[in-house]
Every structure is written in C-alpha cells, then in structure tokens.
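**Q** Take a look at the letters that make up each chain.
Number of protein chains: 2
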Amino acid sequence: MLLCDIGNTSYHFLNHKHDYKENVKTFKPQTIQEKIYYICVNTEVQKALDSLDNWIDLSKFIDKAKYYETMGIDRIFACEAINNGVIVDAGSAITVDLVEDSNFKGGFIYPGIEAMQETYKSISPALDYSFNYKLDLTQLPKNSRDAISYGYLKTLYGEVRSYNKQIFLTGGNAELLLHIFPEAKLHLHLIFDGMKKVLKEIILSPN
Amino acid sequence: MLLCDIGNTSYHFLNHKHDYKENVKTFKPQTIQEKIYYICVNTEVQKALDSLDNWIDLSKFIDKAKYYETMGIDRIFACEAINNGVIVDAGSAITVDLVEDSNFKGGFIYPGIEAMQETYKSISPALDYSFNYKLDLTQLPKNSRDAISYGYLKTLYGEVRSYNKQIFLTGGNAELLLHIFPEAKLHLHLIFDGMKKVLKEIILSPN
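Those sequence lines, one after another, are chains A and B.
Residue numbers for the first sequence follow the working numbering, beginning at 1 and rising by one.
Residue numbers for the second sequence follow the working numbering, beginning at 1 and rising by one.
Be aware that one or more of the hints could be misleading.
Identical copies go unnamed one by one, so any copy, or any two together, can satisfy a pair.
[What the hints assert, rightly or not] Distance condition first, Cα-Cα at most 25 Å in a straight line; then the derived SDA-like pairs of lysine to any residue: (1) 64 / 51; (2) 185 / 103; (3) 28 / 83; (4) 35 / 104; (5) 142 / 62; (6) 165 / 135; (7) 66 / 137; (8) 25 / 137; (9) 64 / 138; (10) 105 / 143; (11) 66 / 193; (12) 196 / 173; (13) 134 / 163; (14) 35 / 62; (15) 66 / 164; (16) 121 / 173; (17) 64 / 145; (18) 142 / 65; (19) 17 / 142; (20) 142 / 115; (21) 60 / 22; (22) 200 / 189; (23) 197 / 20; (24) 66 / 27; (25) 196 / 137; (26) 121 / 33; (27) 66 / 122.
Hint data in this document are derived by calculation from the structure and do not stem from the laboratory.
Based on the provided sequences and hints, a complete structural model is requested.
**A** Okay, structure coming up:
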C-alpha cells in the first residue's frame with residue numbers, strides 16, 4: 001500500500017515500511033500508476049491530483065466537524081492517530097495540537113526552525129546564529145546566540161509543557177526538538193498512522 | 001538637552017519632553033549642530049557618528065561587565081532605568097530583560113510583530129493574517145488567525161508572566177502588547193530615562 005503526505009515543500013511517501021521524499025517543484029505525480037492514498041496541504045498540487053484517478057484523497061473520509069474549517073489536513077490526520085496527548089509537528093511551521101479522549105481540543109501554529117532563523121537574521125545581521133538546542137532552559141541567557149535560542153525554544157517549551165500531556169514529536173525537524181522535549185515520544189510516521197487508521201475505518205465501515 | 005536612541009530603522013530623538021523619529025536611511029546627523037547624547041545599535045550609523053564631535057556616545061559611560069559583550073546598547077540603557085522588573089521592548093525585535101536589585105539577570109530576544117507576521121506569511125499564504133490581540137489566551141484556538149496569534153503571543157505571555165515581576169512595556173509596538181499584558185506599565189521613554197540617569201551619574205561623579 002502506498003501512502004503520501006504532501007506538504008508545502010515535499011511529497012512524503014510511505015511504501016510499506018520504507019519512506020522517502022520528493023520535491024513538490026520537480027516531482028510529477030502522474031509517474032505513479034498504482035493506487036495511492038494521500039493528503040495534501042498544497043493547493044497547487046491538490047489541483048493537479050484532482051485529475052488523477054489513482055490518487056485517492058483521504059481528507060474526504062474525515063468528520064470535519066471535529067476540527068475547524070481552515071485547519072491543515074496534515075494536522076487533522078496526526079490528531080486522528082492518537083487518543084490522548086499533545087502533537088508537536090515540526091515542519092516548515094511547528095503545529096501544536098491537543099487531543100483528549102479522541103477529541104481535538106484546539107491548537108496553535110509556531111514558525112518552523114528555518115523560518116525562525118531567517119526571521120532573526122532579517123531583523124539584524126547581529127542575530128544570524130543557528131539555534132543552540134543544548135541551551136539551559138532554566139537560566140535566562142547572557143549571550144546573543146542563547147538569547148535568540150531561548151526566545152524561540154523556551155517560549156514554545158513552556159506552553160507545550162503546560163498541558164501536562166504525553167508529547168508526540170513528528171515532522172522533519174522532530175529530532176532537533178527532542179533536545180528540549182527529552183520525555184517526548186518521537187513518532188515520525190504519526191500522520192501515516194492517522195491515514196492507516198482512517199483507511200481501516202473506511203474498509204470496516206458497513207457503507 | 002537633546003537625546004537620541006538610534007535603532008535599526010530610525011533615530012528616536014527626545015528634545016526635553018518632545019520626541020520624534022527620523023528614518024536612518026534619509027536623516028543626515030551632521031545637520032544637528034548642538035551637543036547631543038546618543039546610543040546606537042546600528043553599526044553603519046555608528047561609523048558616521050564617530051567623526052562628529054557634538055554627538056556624544058553614552059555607551060562609553062556604562063559598566064559593561066554588568067551585561068554581556070554583544071548585548072544591544074538599547075537593552076542595556078532600558079535596564080539602567082529600573083531597579084526591579086521585566087522590560088519588554090517591542091521594536092523590530094522584542095527584547096525581554098530581567099532586572100533584580102539593579103542587576104541584569106539575563107534576557108532573551110523574540111521577533112517583533114512585523115517580522116513575525118512576515119514569517120507566517122512566508123511559510124504559507126494561508127497564514128497571512130494580522131494578529132488578533134484580543135484573543136482569549138486561556139483557550140487553545142480553533143481557527144487559523146487565532147492559531148498564529150496564540151503561537152506568537154501566548155508563548156511570549158507565558159514566559160514573561162512566569163517571572164512574577166512588574167512588567168515595563170516600551171518600544172514602538174508597546175501599545176499593541178498592552179492588550180496581552182494589561183497589568184504592565186507602559187513606559188515609552190524608558191531608554192531615555194536610562195540615558196538621563198547615566199548622564200546624571202557622569203555629572204555627579206567626582207572624576
């Protein structure tokens with residue numbers, strides 16, 4: 001079974017246990033002939049896929065009333081994968097979503113690592129540092145690199161920790177965030193798990 | 001007495017009680033003939049001012065050992081102005097600095113409002129919203145505009161509130177942040193107050 005999670009920058013495929021990525025700018029979806037289940041947040045790619053019969057959009061099988069209208073479908077499928085916990089999906093944006101008893105309780109959107117590094121750099125060349133993930137979050141910083149690292153990471157950390165829930169880390173930059181959330185479960189295939197769960201429900205459904 | 005606080009984008013003057021701004025790209029500092037006390041974070045402007053005798057750099061009169069080497073001089077002068085509290089200076093960056101018993105305890109740097117709005121927009125056109133400052137910070141959001149507003153504002157709010165200190169709001173966007181820190185003191189001339197205090201100490205000094 002072939003699954004695909006399409007973001008703003010890449011197609012992320014799962015072929016049984018093997019996953020790989022293709023760039024949205026260069027990959028041609030019509031090169032795939034077999035049946036493929038997908039979700040897609042990229043409106044341009046979505047348009048191209050609408051005309052391909054073997055690409056099956058799993059978003060159509062979701063009870064959208066549980067979520068909100070403009071919520072990214074990747075966030076929805078990550079929520080579908082768990083019953084309780086907070087999901088931190090670190091991609092071009094970092095989305096944080098709370099799930100309690102299989103119900104979505106709300107969530108927020110924080111800039112991704114690369115975007116935020118660009119932001120600091122754009123404010124001043126004096127802030128052009130890579131983040132320090134090994135920073136001591138219990139001490140207010142006294143140097144520039146830690147001052148931006150703390151500004152980016154500690155504020156996120158404090159908010160996410162305040163829910164007192166199991167943290168699920170996913171997305172392309174999940175491993176970097178594991179430094180600040182060492183107690184989190186690293187679950188790089190969380191969205192695929194949500195897709196499999198929804199697929200299973202479709203197959204088992206009496207309709 | 002003429003004071004000037006020079007940032008990345010503007011010269012901020014204080015002439016007795018009247019303050020006004022000039023753009024760093026267009027203002028010519030040599031047009032000022034009288035004695036003027038200044039601080040400057042802008043390296044290009046600093047170079048130009050070094051050759052003007054009537055522009056007196058107040059940064060030379062600070063005990064830098066109390067701070068750290070690359071700390072912006074505007075942050076240092078804001079800290080000089082208070083004895084206890086947390087300073088939130090909302091400009092192109094938002095700097096947050098903690099002062100206890102006239103000692104700098106550390107601080108961090110967070111992106112300013114315009115920079116952060118650009119960041120969300122750059123991640124996805126679907127995130128191109130202005131922030132909602134009247135957002136309920138006690139509820140996880142269920143719409144896109146609030147999801148980015150919460151991501152930007154609640155994370156900052158939680159960290160700043162965690163110090164349990166009087167909050168001093170300053171900088172060009174201070175009034176916007178007053179919505180989320182209603183208990184804060186709005187003090188738009190905090191840096192000028194620090195400059196005046198340092199000037200007074202120079203005058204009173206036996207050397």
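**Q** Between copies, within a copy, both or neither: which fits residue 66 and residue 193 at Cα up to 25 Å?
**A** within (18 Å within a copy, 52 Å between copies)
**Q** Using 25 Å as the alpha carbon limit, work out where residue 121 and residue 33 are close: within a copy, between copies, both or neither.
**A** neither (44 Å within a copy, 35 Å between copies)
**Q** Given identical chains, is residue 28 near residue 83, meaning Cα to Cα at most 25 Å, within a copy, between copies, both, or neither?
**A** Classified as neither; 35 Å inside a copy, 62 Å across copies.
**Q** At most 25 Å between C-alpha atoms: does residue 66 with residue 122 qualify within a copy, between copies, both, or neither?
**A** Answer is neither; intra-copy 38 Å and inter-copy 28 Å both fail.
**Q** Quick one: residue 165 to residue 135, C-alpha cut-off 25 Å, is that within a copy, between copies, both, or neither?
**A** both (23 Å within a copy, 24 Å between copies)
**Q** Check residue 197 against residue 20 for me: Cα-Cα at most 25 Å, and say if that holds within a copy, between copies, both or neither.
**A** within (21 Å within a copy, 61 Å between copies)
**Q** If the cut is 25 Å between Cα atoms, do residue 142 and residue 115 qualify within a copy, between copies, both or neither?
**A** The answer is both: 24 Å in one copy and 23 Å across copies each meet 25 Å.
**Q** With identical chains treated as interchangeable, where does the CA-CA distance between residue 25 and residue 137 reach 25 Å or less: within a copy, between copies, both, or neither?
**A** neither (38 Å within a copy, 38 Å between copies)
**Q** Within a copy, between copies, both or neither: which one fits residue 35 and residue 104 at a CA-CA cutoff of 25 Å?
**A** neither (30 Å within a copy, 62 Å between copies)
**Q** Between residue 66 and residue 137, at a C-alpha cutoff of 25 Å, which is it: within one copy, between copies, both, or neither?
**A** For residue 66 and residue 137, the Cα distance is within 25 Å only across copies (21 Å; inside one copy 35 Å).
**Q** Treating 25 Å as the Cα threshold, decide for residue 60 and residue 22: within, between, both or neither.
**A** Within one copy only: 24 Å inside, 55 Å across.
**Q** Given identical chains, is residue 64 near residue 138, meaning Cα to Cα at most 25 Å, within a copy, between copies, both, or neither?
**A** Result: close only across copies, 24 Å inter versus 40 Å intra.
In summary, the numbered hints that this structure violates are 3, 4, 8, 19, 24, 25, 26, 27.
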